[in-house]
Amino acid sequence: MLSFIGRRILIAIPTVLLISVFVFFMQKLLPGDPVLALAGEDRNPEILEFLREKYRLNDPLYVQYFTWIGNALQGDLGISLRTQQPVLTLIGQKLPVTIQLAVMALIIAIVIGVPAGIVSAYRKGTWVDWLANILALSGLSVPNFWLGIMLILLVSVKLGWLPASGYQPFLDDPLQSIRTMLMPAFVLGTGLAATLMRHTRSAMLGVLKSDYVRTARAKGLSETTVVVKHALRNALVPIVTVVTLLFGELLAGAVLTEQIFTIPGFGKLVVDAVFNRDYAVVQGIVLCTAIAFIAMNILADALYRVLNPRMRNS
Amino acid sequence: MTRNDIILEARGLKRRFVTHKPLFGKPTEVRAVDGVDLQVRRGETLAIVGESGCGKSTLARLLVRLIEPSGGTVHYEGREIGALGDAAMRGLRRDLQFIFQDPFASLNPRMTVGALIEEPLRAHGIGDAAARRDQAAQMLTRVGLSPRHADRYPHEFSGGQRQRIGIARALACGPKVVIGDEPVSALDVSIQAQVVNLLEDLKQEFELTLIVIAHDLSVIRHMADRVAVMYLGQLVEIARTEDLFRAPRHPYTEALLAAIPLPQYGARKVKVSIEGDPPDPIAPPPGCRFHTRCPYAIAACQTDRPALRDLEPGHSVACLRAEELDLTGTADAERSHNPATERRFRLYREARHEELQSTPT
Chain C
503 MLSFIGRRIL
513 IAIPTVLLIS
523 VFVFFMQKLL
533 PGDPVLALAG
543 EDRNPEILEF
553 LREKYRLNDP
563 LYVQYFTWIG
573 NALQGDLGIS
583 LRTQQPVLTL
593 IGQKLPVTIQ
603 LAVMALIIAI
613 VIGVPAGIVS
623 AYRKGTWVDW
633 LANILALSGL
643 SVPNFWLGIM
653 LILLVSVKLG
663 WLPASGYQPF
673 LDDPLQSIRT
683 MLMPAFVLGT
693 GLAATLMRHT
703 RSAMLGVLKS
713 DYVRTARAKG
723 LSETTVVVKH
733 ALRNALVPIV
743 TVVTLLFGEL
753 LAGAVLTEQI
763 FTIPGFGKLV
773 VDAVFNRDYA
783 VVQGIVLCTA
793 IAFIAMNILA
803 DALYRVLNPR
813 MRNS
Chain X
48 MTRNDIILEA
58 RGLKRRFVTH
68 KPLFGKPTEV
78 RAVDGVDLQV
88 RRGETLAIVG
98 ESGCGKSTLA
108 RLLVRLIEPS
118 GGTVHYEGRE
128 IGALGDAAMR
138 GLRRDLQFIF
148 QDPFASLNPR
158 MTVGALIEEP
168 LRAHGIGDAA
178 ARRDQAAQML
188 TRVGLSPRHA
198 DRYPHEFSGG
208 QRQRIGIARA
218 LACGPKVVIG
228 DEPVSALDVS
238 IQAQVVNLLE
248 DLKQEFELTL
258 IVIAHDLSVI
268 RHMADRVAVM
278 YLGQLVEIAR
288 TEDLFRAPRH
298 PYTEALLAAI
308 PLPQYGARKV
318 KVSIEGDPPD
328 PIAPPPGCRF
338 HTRCPYAIAA
348 CQTDRPALRD
358 LEPGHSVACL
368 RAEELDLTGT
378 ADAERSHNPA
388 TERRFRLYRE
398 ARHEELQSTP
408 T
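As you go down the protein sequences, you meet chains C and X in turn. Note that the first sequence ends on residue 816 in the numbering used here; no numbers are left out. Note that the second sequence ends on residue 408 in the numbering used here; no numbers are left out.
With the rest of the complex left out, here is chain C:
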C-alpha cells in the first residue's frame, strides 16, 4: 500500500509541474498590468520602471518562470504585490478556514446524502423515493446565495440561534467556531448532499439488483446486514469517487458562500488577487488547489484498493 501511494506521488510530480507552467503563462496572457494596478493614480514612468525592476517583470518570461518555480520548491511562493505579505503566509491564514468549512460541509453532505440515497434506492418507486428525489432536485436548483440569505434571515435575525457571519478560529474556541461555521457549511453541504444522494442511489440500485445480494438474503441474513454489509460496501467505490472530488472542489473555496457569511477563506482571496493582477497570489493558490486535488485523487485510489479486493493486485 505504501509503495503504491509512493508511486502515485512520484507520478503526480510531473502533473504538478505541468500545472505550474499553465498557471504561470495563462496568467501572463490576461490583459492588464500589475504595476499599473499597484501604482494607482500615479503613472510616473520612473516609478513604473522601478517597480518593474523590483519585481523582475522585465526578465524574459522563461526566466521569470524558473525564478518563481525555483523559489516555490524552496517554500517561497513570492510576495503579494498588493499587501506585501508573503503568499505562503496569506495561504496559511486562509487554508485552515477553508479546510474547516470544507470538512463541515462534507460531513453534512454525507450525513444527509448517503442515507437518503440508500433509502431511496431501497424503496425505489415509492413515495419515499419521490420525496428524496424532489428534495435532491431542489437542493441542486436552489442557489447557495439565496439559501444563505434566507437562513441568515430565519436562523440569525428571527430566531437568533446562530451568528449571522464572522469567523472564529477553531483552536481558539472550538464550539463557537463550529457555531459560526454551521450555516455556511449547511448551505454548501445541502447542495453537495443532493449530488451525493443521486450517486448513492444509482450505485445502490445497481448493487441491490445483483445476485450476491440475493445470495445474502437466501443465507437468512437480516435486511440491515444485507443492505449495509453486502450492498452498501460494494456501492462505496462510486460514492468515494464523488466525495473526494467534491472535497477537492470545496478546497478551492466557495466564493459566494464565503462572501455572504463574510468568511475569510480561499474564495475571496483568489477573486481579489485576480482582479488586482496579483500574480504571485493567484499562482500560489492555484498551485495549492491543484496539489489538494491530486492528493484527493491519490486518496481515492488508495481507498478503492481498501474497498475493492479486485483492484489490489493490479
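To be clear, the hints were calculated from the coordinates, so they are not data collected in a lab. The structure presented is a predicted model; accordingly, all values stated were derived computationally and were not measured. All residues carry an ideal CB built from backbone N, CA and C; glycine is no exception. Among the hints, a few may not be true.
Selected chain C positions facing chain X (in silico; Cβ < 8 Å) [unchecked claim]: (1) E551; (2) K721; (3) G722; (4) N736; (5) P811.
Given the structure of chain C, go ahead and fit chain X onto it with the hints provided.
For chain X alone, coordinates are given in the frame of chain C:
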C-alpha cells in the same frame, strides 16, 4: 406415500410480474408461475425442466420464499412459510438453502471465501468464531478445495471453483432442502460432471432433499429421481425419471426428449419437432397452452384447459389426449446416454473415490 414423506409442498402457487405500467390503464402482467401444485418428497432429487422463460427459476425462488407469491401457498414440514414473520423466516433459511446459477455474480466480491461460508453460520448463531472457521475449512475440503483458500477473494477462482464455493456456502449451515437453480449451466461441460457428482455425493452424505432446476436433460437424467416438466408457468407432466424418459405422456415432454442430441447418425427413428418460440406469456393461449405448437392438437385443445391428473400412480400429466397418444421416449434408454459422457462421469467418480479414501478425514 404418507404425509410425513412430503418435506416441501406448493399449493396453487402463482406469481405475476408487472412488465409495463402505463400512466393510465391496466398494467401488463406476466404470469410467470400460474397455479403450480407440487410435492417434494423427503430425500429425493426432483428436477424441474422447461424452456427458457417457462417460470422454473421463479418457481424455485417461490419455493424458498426468496420472492413472495401472488397466490397460493408453500408448506415446509407442514408449516406454511408464507405466514411466517421475518425473523421466523430467517431462521427457516437454515433448512432451505439455494445454489445460484451464476457462480460469478452470486458471491460478494468484497468478502473472502471464508467469510462468505461462515456468514450463514454466524447469522444463525451456530458455534463460536473458531468453530465456524473450522466448519468453513471443513466445507472447503469437502467440496474439493483447500482450507487455505478461505483467505482468498472470489475473483481469484475459476467458475467451477466458485460454484463449489457456492455449494459449500449453501451446505455449511446444515440445510434439509437444497434448491439448485441451474447449478451447472454456467459451467464448462467438463466441469459440469464434477459438480453434478459432488452434489450427488453431498446429497448422500448430508441426507439432503435436492431440487434441481435445469434445461439440460442429460444432466437431469443422471441426477434426478423424479422430473417435473414446466411449460408457460404450469406443470405439464411429473413422473419418475425412467418412466418419463422411456414413455413420456405429454407431447411437450416428447418434443423435449427429441431435442436431446444423439451421437449417431440415424439413431432417431421418429422425428418430432416443435417449431417457433413459446407463445407470449403475457397473453397465454386459451385452452391447453401448448396447443399452438402441439403436433397432436385437436379442436378441443383450443378451448379446454387440461388439468394435471394422475394417469397411473406417480405419473401425472396435463393433456386431454394423454390416454390415446402413443408418444416416443428415448426407448432404448442407453441411446440417449452418450457413452463418452458416461465414461467421463465414471472416471471422475472413481477418481473422487480414491481421493476420498486417501485423504484422512
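To see whether the hints hold, each was checked on the structure:
1. E551: violated (66 Å)
2. K721: With Cβ-Cβ at 4 Å, under 8 Å, it holds.
3. G722: Holds, about 3 Å.
4. N736: N736(C) check passes; min Cβ-Cβ to chain X is 6 Å, inside 8 Å.
5. P811: Status holds, d = 4 Å.
Of the numbered hints stated above, the single one contradicted by the structure is hint 1.
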